[in-house]
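If you read the protein sequences in the order shown, they are chains Y and S.
35 is the number of the first residue of the first sequence in the working numbering; add one for each residue after it.
1261 is the number of the first residue of the second sequence in the working numbering; add one for each residue after it.
Hint data in this document are derived by calculation from the structure and do not stem from the laboratory.
Be careful, since some hints might not be right.
To be verified - Examples of chain S residues lying across from chain Y (beta carbon under 10 Å, computed):
no., residue
1, R1400
2, D1481
3, G1560
4, D1716
5, V1724
6, C1740
Ideal Cβ positions, reconstructed from N, Cα and C, are used throughout, including at glycine.
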Amino acid sequence: MVNQLNRPPSPAGNGQPDARLLSDKRYKLIDATMRRYGYQGHGLIEALHSAQEAFGYLDDFTLRHIARTLRLPPSKVFGVATFYNYFTLKPQGAHTCVVCLGTACYIKGAREVLNAIEAAHQVKAGGTTADNQLSLLTARCFGSCALAPVITFDGETIGKVSPDQVADLIAQRLVGASQVLEHAKP
Amino acid sequence: MNLEELNAIAHSERLAQAQKRHHLHVCVGTACQALNSEQIAKALQAALKQRGLQQDAAVKCVGCPGLCSLGPLVEVISKEDSAGPRSLLYQFVKTEDADEIVAHLGGEPVKRLETPLDQPFFTRQLKIVLENCGKVDPERIEDYIAVGGYQALMKVLTEMTPQQVIDEITRSGLRGRGGAGFPTGLKWGTVAKADPNRYPTNVPEGIQSRKFVICNGDEGDPGAFMDRSVMEGDPHRVLEGMAIAGYAVGANYGFIYVRAEYPLAVKRLRTAIRQAQRAGLLGSNIGGTPFSFNVEIRLGAGAFVCGEETALIASIEGGRGLPRPRPPFPAEFGLWGCPTLINNVETLANVPPIILKGADWFASIGTEKSKGTKVFALTGQVKHTGLIEVPMGITLREIVFDIGGGMPEGKSFKAVQTGGPSGGCIPAEFLDMPVDYESLAKVGSIMGSGGMIVMDDSTDMVEVARFFMEFCMDESCGKCIPCRAGTVQIHRLLTKIQQGRATERDLQTLEELCDLVKHTSLCGLGQSAPNPVISTLKYFREEYLAKIKREPSVSANGKRVEEHG
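For reference, chain Y alone in the conformation it holds in the complex:
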């Protein structure tokens, strides 16, 4: 019963759902998550997780859509999305490199590793390169402290990196990834 009540009204106000919601199938995934929690407010963080998983980041439209569906004020949704470090409101580059700055990594030189990447790829932590190829992020701890200092590249964990070789390591992977893409093109 709750489901019908909570059909998101159109932002245009003409009673029709927005075209983007209908055309983009990824919204179905987010809606499924919200349905699992009975469209109740306590499913907000889970909804944001599935939105970020689907789109890679949370844009204004998606946040408003979630707010409408869960019947929450947009301010609350925006507040939650910005409170947690895991959520990002900016689109990410094609590849993501995360440098762990946890204590174990830090005392084994993670700061130097980060500096080396920043210098070599002309990108600041938290930003994306000008060509949109690489996003550089930092994390608190992956829990892989035995491999310190640790970075991840597109989810692949690389342990015991050194400041001297890390920039090359990433450059190789960037080149490797683009070659695979070239190869996959018909």
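Keeping the supplied structure of chain Y fixed, place chain S upon it in accordance with the hints.
Quick look at chain S alone, frame taken from chain Y:
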């Protein structure tokens, strides 16, 4: 599933395992998995097939055996006719080594890969929480049942009243493993007695419970990975502990709050919940009794403050993770206004063995006030980094030098940091101090959730303090002023000291500010945030003094030259 069915599964699983002569255990914890251990498992499987040994040997993916610095690890357990089982541990295994390992099954070990199992790293440990990590396949419930899993839950449901369970836990002397060390039995008793109708409640539709159990798996301390390893390596143990807790306090619904940064733990817990529900060990009428208990996973989203219990509750409710003043404590007014039991992963993992082996057995381990064992994540500048479990009361020296193998070549010990950003640095003079809640508090640190970071003489202690303060500053939720503004100011002062622009007076301000933040902050984050600064100021003051200007700021006419940080 009732007790007979449970025993039947355990029996048939043990029988199936007994038919194999060799068991190859491959660690698939996060650290080893990052080094491709799943490929190694596949390669071993293929090598067995090639040599036609599938009937004789089995490959099993297991949780973390602890010695992460030598990973990927493969343990080979072989049955010998005369002397019982023989275990071998192989270190730094690569996929290419698989064939050689299989070829040497039952014969001479592969010498170049072997690492002794009788080294102090293993012999000095006492495993209760981690007893199954590295032994059972975390993705198969039958494997857990075969080692006695869910027996404690059955015993509780069929032989004990909730009050007896609480008495047993109280008598065991178990204390919260999340850091504060609150007596677990007392907490359970409070939740059990709490009246769910005392405060207005607001439980969402579809959840049929008026009390809750929450397992706190939001392991935010950088440098700590105990809970992750337990959830990854032995997820059913956590679920069993939660169900027992639910029975004892009268809750029918439980939440596991896990960091989103631990995808493997989330995946394994999801699998475990599904298997337990299918086996009738979670859900309605567990074991044919009227008791029902369901468990749901909630993902954290990268906020350190959510390890604080009231903030964690706010996060499960779908809001920002802001703590609130206590009392009322969550035991009376928690999730959606209902009485709520919040325990750490490790605390709950201690419960099943206490029920099975008895409170007296547990109380016989450890010191007078701290019973049982504690899991530590030993990292930093030591030879053997990894996960260890030691009885309470062991000395720091034994942990660092015997189990950890001491410093790498040419370095000397300076300090060990426990408790993460909420803890302190313990200098060499306290190396012979026993590790328990009270002793650690006495020297200005805390037990914490169990991160233990060893620092050598090259570590700059002011920089360490600044690093932790930067962390607390970023992670402060901003609700109360002492923490929100105080951490920023402390960080500025520390930066100023690092840059050599500070004066004696700044040091004095720093101490006053630390005291203020410690005593006036709302929650544990702010109250403990100054600990790293206070402890380094106490034990390594000369390092601070060395970076301070020697009174150059007082000019000839006695006027102070203002400094701007």
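Results of checking the hints against the structure:
Checking S/R1400 against chain Y by beta carbon gives a least distance of about 23 Å; that is not within 10 Å, so the hint is violated. Annotation: S/D1481 was flagged as interfacial toward chain Y, and the flag holds, the nearest CB pair being 7 Å apart, inside 10 Å. Checking S/G1560 against chain Y: minimum C-beta separation of about 8 Å stays under 10 Å; hint holds. Given hint, S/D1716 at the interface with chain Y, holds; its Cβ is 9 Å from that chain's nearest Cβ, closer than 10 Å.
Interface hint at S/V1724: satisfied, since its Cβ lies 7 Å from the closest Cβ of chain Y, which is below the 10 Å cut-off. At its closest, the beta carbon of S/C1740 sits 15 Å from a beta carbon of chain Y; the interface hint therefore is violated under the 10 Å criterion.
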